[in-house]
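Heads up: the sequence lines are chains F and L, in that order.
Take the first sequence: its letter number 194 is residue 182 in our numbering, and every next letter is one higher.
Take the second sequence: its letter number 135 is residue 655 in our numbering, and every next letter is one higher.
Don't take each hint at face value.
Unchecked claim - Simulated pairs of lysine to aspartate or glutamate, EDC-like, Cα-Cα distance not exceeding 16 Å:
1) L:Lys830 with F:Glu312
2) L:Lys559 with F:Asp245
3) L:Lys823 with F:Glu309
4) L:Lys823 with F:Glu311
5) L:Lys823 with F:Glu307
Said to hold, decoys possible - Derived, one-sided and incomplete: chain F residues facing chain L with beta-carbon distance under 10 Å:
6) Phe35
7) Phe84
8) Gly85
9) Met98
10) Val114
11) Gly115
12) Ala144
13) Met176
14) Gly177
15) Thr178
16) Ala183
17) Thr250
18) Val317
What the hints contain is simulated information worked out from the structure, not anything from laboratory work.
Computed from a prediction, not measured in an experiment: that's the story for all the values here.
No residue lacks a Cβ here, since even glycine has one placed at the ideal position from N, Cα and C.
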Amino acid sequence: MAKKPTKSPGSKSDAELNRAFLRSMLLQRRFEERSAEAYALGKIGGFCHLYIGQEAISTGALSVLRPDDYVVTAYRDHGQALARGMTPRAVMAELFGRRDGCSGGKGGSMHLFDAKLNFLGGHGIVGSHIPLATGVAFAIKYRGGDQVCLCFFGEAAVNIGAFHEALNMAGLWKVPAVFIIENNRYGMGTAVSRAMANEDVNARAATYNIPAESVDAQDVFAVRDAVTRAVDLARAEKTPTLLEMRTYRFMGHSMSDAVSGTYRTKAELEQEMRRDPIILLHNHMTEAGEIDDAAYAKLDEEIKAEVQDAWDFADASPEPELEELYAHVVVD
Amino acid sequence: MSIVTYRDALNQALREEIQRDDRVFLMGEEVGEYNGAYKVSRGLLDQFGPMRVVDTPIAELGFAGIGVGAAMVGLRPIIEFMTWNFALLALDQVVNSAAKMLYMSNGQFPMPMVFRGPNGAALQLSAQHSQAWESWLAHIPGLKVVTPATPYDAKGLLKSAIRDENPVVFLEGEMLYNTKGDVPEGEEILIPLGKAERKREGEHCSIIAHGKTVLIAIQVADALAKEGISIDVIDLRTVRPMDVEAIAESVKKTNRAVVVEEGWELCGVGAQVVDYIQRECFDFLDAPVLRVHQADVPMPYAKNLERAAKPDAQKLTAAVRKVLYLE
Ligand SMILES: Cc1ncc(C[n+]2csc(CCOP(=O)(O)OP(=O)(O)O)c2C)c(N)n1
Chain F
-11 MAKKPTKSPG SKSDAELNRA FLRSMLLQRR FEERSAEAYA LGKIGGFCHL
39 YIGQEAISTG ALSVLRPDDY VVTAYRDHGQ ALARGMTPRA VMAELFGRRD
89 GCSGGKGGSM HLFDAKLNFL GGHGIVGSHI PLATGVAFAI KYRGGDQVCL
139 CFFGEAAVNI GAFHEALNMA GLWKVPAVFI IENNRYGMGT AVSRAMANED
189 VNARAATYNI PAESVDAQDV FAVRDAVTRA VDLARAEKTP TLLEMRTYRF
239 MGHSMSDAVS GTYRTKAELE QEMRRDPIIL LHNHMTEAGE IDDAAYAKLD
289 EEIKAEVQDA WDFADASPEP ELEELYAHVV VD
Chain L
521 MSIVTYRDAL NQALREEIQR DDRVFLMGEE VGEYNGAYKV SRGLLDQFGP
571 MRVVDTPIAE LGFAGIGVGA AMVGLRPIIE FMTWNFALLA LDQVVNSAAK
621 MLYMSNGQFP MPMVFRGPNG AALQLSAQHS QAWESWLAHI PGLKVVTPAT
671 PYDAKGLLKS AIRDENPVVF LEGEMLYNTK GDVPEGEEIL IPLGKAERKR
721 EGEHCSIIAH GKTVLIAIQV ADALAKEGIS IDVIDLRTVR PMDVEAIAES
771 VKKTNRAVVV EEGWELCGVG AQVVDYIQRE CFDFLDAPVL RVHQADVPMP
821 YAKNLERAAK PDAQKLTAAV RKVLYLE
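Take these sequences, add in the hints, and give me the full structure.
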């Protein structure tokens, strides 16, 4: 760890950037801790997949993007949504199924969308959104733009045919997409070693003739560096990249799955939790003299208040009107 | 009496059939070490080992096709889809390979296999995870489509499906797994595919249902019985082939019918039932046949909208009252 963060030209100082990272990760963490509580109270229903432990990926990766770039992600999407700049209010109201949610209460946890932020969802079928990212990148190239499309998915999604088809065409046509594998080592209860003939997910990139990198994704700087390289390549040369982010999920697969189920040991979990991305960054900032305990506590309080505000807002937001049931099935 | 859950009834059927016939194996995501995403396959890996209970990667198209290949050379695969929503990825194999193999090979390659898993809306799972697929699948010649409503039916129909020489699509109600019913122990339960069952006897109106809506129909019939209205509840059990005689017999007796299903209206199973009724029972009808189904929209997440979208006892009761001209 303790690597220097990559600075984009004219951006904030290291200390400012670090603080922004810490704030972003801590917001995601506190937001989801409260989501778990709301789920237990029945305020959130259905499937709810928490991102706790993986926050350095959303934070580091999305810090590289410009507002006119695009993001597509899977159902484990709270972290990316917040890191992209969706308000905790809009996200929490969506989880509560309320009118002020970012999808009007119709999508729920797995389907967060925000067109203004070029945040293209929130997709529930494993791997189904990977071709979408190639399509977005195709459209960028088609229109002669220099944006990029970042696509997030779990490592188990690389076993789906859509991954292969989408990456092959991205490599063939050279479109500006960055494919980010969040390798948390388990697809539900199945460890990578039980699902892949070759556990080296990046080995697949060679097939598509695209560059690949593996990243220690508990280190937000490493994430930012790797994504910066990939985004630069995509912008300048329309070359896609495959990035394997090595991470770990601290919670169960979803709210209905135990934290350390039969498929992984408590010892492994505890071991991995020592590499909590927030603690790593916090330690780094403490050593660099960028933050002290009082400042950290103050930041945390601020964030907790912000999340409380989101909760109150969501709770007060009305249910969608019944007419909404028939709205947006097709464009009239 | 031996009261078991729908889930355990299915588990018994799998266990007995894997035990009985060494060509039978179960394959799918999380079916083994995890004991099944919905715990239907609990304990089977321990009992039969990893060649008979096979965990797969998330690769629906691939493992469905692997099942077809294995069936072509003499095995009897049971392919579990974690839910039918994910089976859409595999429909090419179900429809273009399994359903047509016998026909295009002029009878040389039968497909004795079962595709099974949870189907239908659950609770607040939103548009991509809450869908009922029977009308899609029933459309395909070459497939049989089974929709058990009770634990007893789940066991008896699954055992028959596994022994059938054809590809059988077996749609378990995602919300039915915890429901309970009598499944006598030590009895060989085999329910013929293609036969409906009368779940309640009545004379004022027929309700034709399948899968989860059978429970709603029974609930409505029980409630209306208190008002002196008696309902004939016909559970199709198998959507393809459909038991036309059972439908006709009931409607000729009651002269009125309501068809209820979880799926969407257009081209739904109910549309087919109404078609049969108008052909077979036209002269017997005292009222237009009504249908109750999901609102014609993708399933919304918000609780109130979801409630409004789903068929339920209230909507079914209203339809029955309407065909009885009570409203
Ligand atoms: C095609 C498909 N099959 C199965 C599922 C059920 N399912 C949801 S998430 C999941 C595990 C996915 O793991 P991974 O892609 O590694 O992402 P992670 O959950 O670890 O973030 C499964 C099997 C699904 N949503 N889509």
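Status of the hints after comparison with the structure:
About 15 Å separates the Cα atoms of L:Lys830 and F:Glu312, which keeps this hinted pair within 16 Å; it holds. At roughly 12 Å between alpha-carbon atoms, L:Lys559 and F:Asp245 fall within 16 Å of each other, so this suggested pair holds. The suggested pairing of L:Lys823 with F:Glu309 holds, with an alpha-carbon distance near 11 Å, which does not exceed 16 Å. Restraint check for L:Lys823 and F:Glu311: satisfied, since their Cα atoms lie roughly 14 Å apart, inside the 16 Å limit.
At roughly 8 Å between alpha-carbon atoms, L:Lys823 and F:Glu307 fall within 16 Å of each other, so this suggested pair holds. Because the closest C-beta pair between F:Phe35 and chain L is about 6 Å apart, less than 10 Å, the hint holds. Among the interface hints, the one on F:Phe84 holds; its C-beta lies about 9 Å from the nearest C-beta in chain L, closer than the 10 Å criterion. Here the hint on F:Gly85 is kept, as its CB sits about 4 Å from the closest CB of chain L, short of 10 Å.
Evaluation of the F:Met98 hint against chain L yields a held restraint, the C-beta minimum of about 6 Å falling below 10 Å. With a least beta-carbon distance of about 5 Å to chain L, the hint placing F:Val114 at the interface is held under the 10 Å criterion. Interface hint at F:Gly115: satisfied, since its Cβ lies 7 Å from the closest Cβ of chain L, which is below the 10 Å cut-off. For F:Ala144, the interface hint holds, since its Cβ comes within 10 Å of a Cβ in chain L; the closest pair sits about 5 Å apart.
Below 10 Å, beta-carbon pairs count as interface contacts, and F:Met176 has one with chain L at about 6 Å; its hint therefore holds. Residue-level restraint check for F:Gly177 holds (minimum Cβ-Cβ distance to chain L is 4 Å; threshold 10 Å). Evaluation of the F:Thr178 hint against chain L yields a held restraint, the C-beta minimum of about 7 Å falling below 10 Å. For F:Ala183, the interface hint holds, the least distance from its beta-carbon to any beta-carbon of chain L being 4 Å, beneath 10 Å.
Against a cut-off of 10 Å between C-beta atoms, the interface hint on F:Thr250 holds, since the closest Cβ of chain L lies about 7 Å away. Contact between F:Val317 and chain L, as hinted, is supported at the beta carbon level, the nearest pair being about 5 Å apart and thus within 10 Å.
Of the numbered hints stated above, none is contradicted by the structure.
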